[in-house]
Structures are given as C-alpha cells and as structure tokens.
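Participant: Each chain, written out:
4 protein chains.
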Amino acid sequence: MQSRKISFPLVLINFKTYRESSGKKGLELAKVAERIAKETGIEIGIAPQLTDLAFIASQVEAPVFSQHVDDVEPGSYTGHVTLEAIRDAGAIGTLVNHSERRVRADQVDTIVKRAKQLGLTIVVCTNTPEVTAAMAALSPDMVAIEPPELIGTGIPVSKAKPEVVTNSVELVKRVNPNVKVLCGAGITTGDDVAAAMRLGTVGVLLASGVVKAKDWEKAIRGLIEPLIKK
Amino acid sequence: MQSRKISFPLVLINFKTYRESSGKKGLELAKVAERIAKETGIEIGIAPQLTDLAFIASQVEAPVFSQHVDDVEPGSYTGHVTLEAIRDAGAIGTLVNHSERRVRADQVDTIVKRAKQLGLTIVVCTNTPEVTAAMAALSPDMVAIEPPELIGTGIPVSKAKPEVVTNSVELVKRVNPNVKVLCGAGITTGDDVAAAMRLGTVGVLLASGVVKAKDWEKAIRGLIEPLIKK
Amino acid sequence: MQSRKISFPLVLINFKTYRESSGKKGLELAKVAERIAKETGIEIGIAPQLTDLAFIASQVEAPVFSQHVDDVEPGSYTGHVTLEAIRDAGAIGTLVNHSERRVRADQVDTIVKRAKQLGLTIVVCTNTPEVTAAMAALSPDMVAIEPPELIGTGIPVSKAKPEVVTNSVELVKRVNPNVKVLCGAGITTGDDVAAAMRLGTVGVLLASGVVKAKDWEKAIRGLIEPLIKK
Amino acid sequence: MQSRKISFPLVLINFKTYRESSGKKGLELAKVAERIAKETGIEIGIAPQLTDLAFIASQVEAPVFSQHVDDVEPGSYTGHVTLEAIRDAGAIGTLVNHSERRVRADQVDTIVKRAKQLGLTIVVCTNTPEVTAAMAALSPDMVAIEPPELIGTGIPVSKAKPEVVTNSVELVKRVNPNVKVLCGAGITTGDDVAAAMRLGTVGVLLASGVVKAKDWEKAIRGLIEPLIKK
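Taken in order, these protein sequences are the chains called V, P, W and U. First residue of the first sequence: 1150, per this note's numbering; consecutive thereafter. First residue of the second sequence: 1150, per this note's numbering; consecutive thereafter. First residue of the third sequence: 1150, per this note's numbering; consecutive thereafter. First residue of the fourth sequence: 1150, per this note's numbering; consecutive thereafter.
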C-alpha cells in the first residue's frame, strides 16, 4: 500500500482524538470519505487515531496517514510509533509536528530521511512562514501551514491571515520548490478550500470541520465541491 | 470487553516496537498467546504496538493492553492515545510509565482516576522500590517493577536484584495493599517466573524474552510451565 | 552554606520568572526578605530566578533555593541545573516538580537520593492529596501542595479547598511522617498563612502574593504577622 | 551590555555542567578567558552554567552567553530561563537547541524573533547540514554545527566529517547568507580551529577541550594561536 502515489488536490482529514472518530465510528468516517473519493475522483486522505491505524487501514483503500511518528527505529521502545509500524499497518505516510504534538527539527530530519527509504509520505505541520521554510529545508513531501490560534475555530487561515499562507508558499519555493504546501486551520467549507488553492497551496488539512460535523457526508461533499471539474 | 476481569497469575507480554511484532506478525503472536492461554487456563495478556491496538484487539479474546496512554480526554489532540480510544479499540487497560516512555506522577494520577470511571485496568511501570511505593499511592490496579538496567538483558531481576522486588512488595503492602505487583526486566524462562512469584509478585511483565524468541510457542510454554497446576 | 538548617514555620517565596524579580530587582527583593527575617526571627526562604542563583546567594544570608533541578550529575550536559551547581552557587536546596515545571517520579527519586548525599534540602511540589502521598513516599524534606488551578489567583487553597490540604497532611503522615508539608497556591495574606498552619502544614510557598505586590516589605510583613510570637 | 557587538573570529566556550566549571571555579575560568581575550584581541565568548550566569556576567567584560533559553515571556513560570532574565543578568545572548538540550523549531522561531527585539544574540546548535539549513531559515545570528557523535571525543568535525561543515556552510549561504556558521564538536587544538575557519566558518564552539583541560590558560592560548595576526 505504501507505494501508492498521492494525487492533488488533496483533502486530508485529521481524526484527532475526538470521541466522534474513535474505534468503529472512526472506521465509519473512513468509509464515508472513501466512498466520496471514489465517486468524485478527488483525493481524500484520512489520519485515524493512532490506536485505530491498522484497524482502519486494513479495511479501506483511501490513503491513510498516521497522526504522529517517533524518530526511533524498530526495537526496544514501548508506546512509540515507528515508520515501519505505520507501513506494516497499511498506511502510506504520516503527519508529524502537529501543533498539538510538536517534535524537534532534528527528529523531523531523521524521520524524513528514514521515510524516503521506506517509501512513506511525510507531511510536516508548521505554524509560521519562517517555520514552514525551515521544515521545507528538511525536504519532506509536504508541509501544512496551520496557525495554531485558528485551529478548531472555523475561521479559515485563508481568510483571516492569507499572508501567512502566501508568505509560506513563497518561502518554500525559494528554499525547496519540491515541497508541496497544504493549508490548515479553520477550514470548514468549500469556499475555504477554494481560497486555500488560490493562495498557492495544493490542498487542505482539516479536522473538526469534518469530524465534528453532524453530517459527515454533507461536510465532505461541501469541502470538495469547488475541486470537482465540471 | 473492558469489563473483563484479569485473573492471576498474569503473564503480560509487551510487544514493544520490535520489527517481529508489527502488523500481521503482531496479530500472529497474539493468536499464539491466546491459544496457549485457552489451552492451559493461564492468563496471558498482550500489549501490541499502538498502531495495531484495535486491529489485534478486534481479532483475539486475550486481554489486550495498550503500551501507553496520554492524560488527555477525547478532543482536539493529534497523535495522542486516550483511555476512551483504548476502550473503543477493545482493550481492557494499559501500561503506563514504562521506562522507555515515562510520564509524570500527576499524569499517572489523572490517568488512574479516569480509568476507574471507564472500567479500564492500569499497570504502572516503576524502577525502584521507592518509586513503586510512590506509584502505589496513586492506586492503580498493578505496578510492574522493572530495573531499567536489566531490561532486555535476559538477566532476571528476580535473580540479579531480588531485594528490589521484595522491598517493592513490602512497601506496596504498607502504602496500598490493594495494588498488585508484577515483576519485570530480564524475564525469559519459567524459572524466572517461578522466582518472581516466590518473591511475592502476582505475575510478570516481559518483552524480548517472548517477542525476540525464535519459537514464540515454545518461549511462552516455557514461561508458564511452573504456573500450571498439576 | 548548604548545611544550614531550616527552621519552621517557613515562608518560601518563589520569584518565578516575573519581570519584577529579575537580576538586580531580584537581589533587592532578596535583601528585603533577609532584613525582615533577621528582624523578626521568622524563617523566610527565597527561590530566585535560575540565572540569578549564585548572584543572589552570594550576597544574602537568607536560605536560598533553586526553582528547579535536573536529575543529571555534573558532566556533559548543556543548559541543565545540577544539584552540585546549586550547592556551589551557595543555595541550600531546591524546589522541584513545580506545576509549571513538572519532572517524572523516577527523576524526583534520583534527585532526593543524590540531595541527601550532598546535604541539600528538597521541596517537591504536588497538586492532589494522592500525588502528595506519592511524592512523600520518595522521602524528600518537604512537599508543597499547590492545586494548579489556584496558583496566582489570590484565592488561598486553605480557604477554597481546605480538604485538599488536610487530606494531604493526613496521607503524608501515613506514608512518611518525616516529610513536612507546605501549603501553596493563592497565598497572599497573613490570614492565609494562619489558615495554612491550622490545617497542619509547617509553612507556605508563594510567589505572586509577594513578587507582584507594589510594596514588598508590606506584603512580607503582612504574611508573617500571625507567625510572630507576642 | 546586551548591545555589545561580537567580533569574528569567535571562540565560544560552553562551560556545560562540568564539575570543573561550577560556581567560583566557573568565575575563575571566565577570568582566564577574559584576560587572554584582552591581551590578544581575539574574541572569546563564554557560556557559564545557568545558575552562575548573573554571578559571572556581573564580574567579567567578556561576552557572556546563556547555555539555554526557554520560549516563554516573563511571568508565572518556575524554573525557566527567559530572554529578559538573560539580559538582566548581563549576558549578550544565548545558545539554544544544543544537542543536550534540544527545543522545537517553533520555539527557536519565537526565541529568535523576541531576541531581535531585545538586542540579544542567538546561536542555534544543529547536527546535520539539513537541520543547519532549517535553523538558518529562522534567521538567528549564528548556527553552530555539531555532529553529536563527535561531541566530547576530541575528534574534530573539521577532520572527521569536513563535508558536514562545508555542506552546512553552502546550504546556509543559499537559505540565509546573513547567518554566520560556527563549527563545533571535538575541537581541542589550534589546528582544529584553523581547519574550521578554512571550511568557511567564522569560529568555533567548544566545551571539554577547554573546561576539562588541566591548564585552562594553555588550552585557550593553543586554540587561538592560529587566529592571531602576526
């Protein structure tokens, strides 16, 4: 599974540790995302809860990401997540350095280098244009710029702080143009997604906008609406 | 599943993040443990890799533990493990504070109190008799005393430092006699298990002694041999 | 200096990293505390900012504590605080495990054991009666119970949650009666100090109540007023 | 003091938490460094133990650095080091992200931005060329490349892994040419310093090579010998 190529634009749904996305409910959400992706042709990635990773990845064909990875190799570590475990679970990559689970730059460096050998996709979360540039210097596949103060607010960064996104895109181009930029924080609607794309990103990373929605299907369909070619 | 009662003596196998215990191999190891437990009537618990927790717990009846839990409630946390996720995954409890993944005492306190409400079993790992006493004061279900310098050595604490175990048992009795004591670090053979029991513990916590063994079945059968009533 | 004996009751002032307690201002505050202590005979300890420890300890005779210590021995560590450095700075001991700078139980264990060899006094901060009991099992000189939600509020724990203090005192007596209990969080006035003493503690740990006061002298004199024998 | 300009080449001595550099011995070492710097005109910076920062900075004119800083502002934090405390202590800046005390990229970003407002000099330690480039993207004054496996070995990075240094210098030029590069790890002799300069760095960061030397004066004079214009 891990050799699967991601296509863009990408909508990446972070399940976080919400009550609504745990265990069988998480599987259900994954199935909804998978169904809509198949039907529309839009790439929808999912990042289930850590404890559900193999459980969900073994039952869906959607591109599955871990929410976190540690910088350790397989071995005598307890309670850690290795890249190998992510691969063996059937996931294609992982988020790392989310604002709720930051790691250090030297750890991101180790993780990116090891992920390349394993054929896994790394998405590094960042908070400012400068940190985005710094993480791009480590050559992950993607960076996801998410001003922490907007996470979970429903106020999209693309509206509240568009310059954070455009400056990030600009700096990444200069430091390492191979790195793709996702836009995160506050994304809830198709308009937010469209705005993110106009600012030069290749997709969005979001969580509560989908997971906490009363109707998952409606929320996801709304998000990808502007991405569907008519 | 989470209301399942543990019986003693208990042999608890920590899968760690070994290459040998990841993904489908982890499931295979879980099935071996389950089969032997059913056949012999000896309680054998398993602690799979975090990413495999729901995957394995949904396919075996053995008592499944998480290797770690964070002290956060369900919500806006990325890359964390909540007690609720452990329960929803079908596990009955969790290790916490392993020497390879220590948490703070106030976090153990929060975790133990929340676990009681959720009906989950907490095993707190410790390193010295004093720390064992301290953790017992927080009233988890079990403590597992494991001198870190012996972990993975094959030198059983029950032989190398029996006084660490007996002092731990003694102090726990005084601080909180309801807390059960497991013996860890260096456990490989049935003799080690028998020695641990003679020192006043109710079972063992081990990892490499089983996971890294060439023949899992033989390793587990050797371990529980002295526990089988003839 | 480190062999100096603390007498009780003790008023221990944590300078934290307030702007008002940094550098020369910190020295000035230390001098005020020292002068009042000498005049009244009440023991007033001070815990200056880390960077000011030797600077202040070399210029006052008051009992000086570090705000934090790491569990490492002298050696190849950068940006750490060792017990030896605290002693060489002229301090008599240290706070550890403050709610703003928690460490793990095994680290407190190491620190307490090493401090005894070096003749240094350890005050372990705690948050709940259970954690207080746990820390008492590690045999530090003192524990300071401080419900974090009251820190800096001016609402004294002795009024808002007296049962947290009395339960802590009770549990410590049972686990290790040699450990003395300080009362922290929200202490501002002499009444708060008197209430803390009535609940069975041997003194108070406070910060903003003094450091942020417009008139340090007045604030300290107010605090110790009920402790002065008439 | 904090507005003092650093001149280059720079020899920066990290006192670490060695027994030999603590308290009065640390002051003595600082005085030796200061005397040689005055006599030869070579810039020699010192990074005393945290607890000695104000004590030493108040008694020498040498440029003093902290070994670490936290990313918090002055306020209700215990056991932290703020940039303001470093400034008030009389230091001109700080190391940050040493391999023995890593922080996260977003914290370095915050620290660099705040340090500019306060007129403090930031030296960010790094381990690989990629991480050096990443940290350069955050625009500190200097980066110090130190492969951790060589720290304390006496094997200079300039000999063992010159390509790590030259690649770092090259990447920094591309990402942010205003950032100066120091060379660390294994530096002991004047030859090591000369080699580091030839590889394109503006000076060295070292610790044991001086602190653990039997004769501090001889060690420092040896180091700076190739820097003295004849």
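Since the hints were derived computationally from the structure, they do not count as laboratory data. One should not assume that every hint holds.
[Unchecked claim] Cβ-to-Cβ under 7 Å is the rule here; a few derived chain W residues that face chain U:
| no. | residue |
| --- | --- |
| 1 | ARG1168 |
| 2 | ALA1238 |
| 3 | GLU1249 |
| 4 | GLY1349 |
Just so it is clear, the structure is predicted and the values come from calculations on it, not from any experiment. Just so it is clear, CB atoms sit at the ideal spot from N, CA and C, and this is done for glycine as well.
Participant: What hints, given by number in increasing order, does this structure fail?
Facilitator: 4
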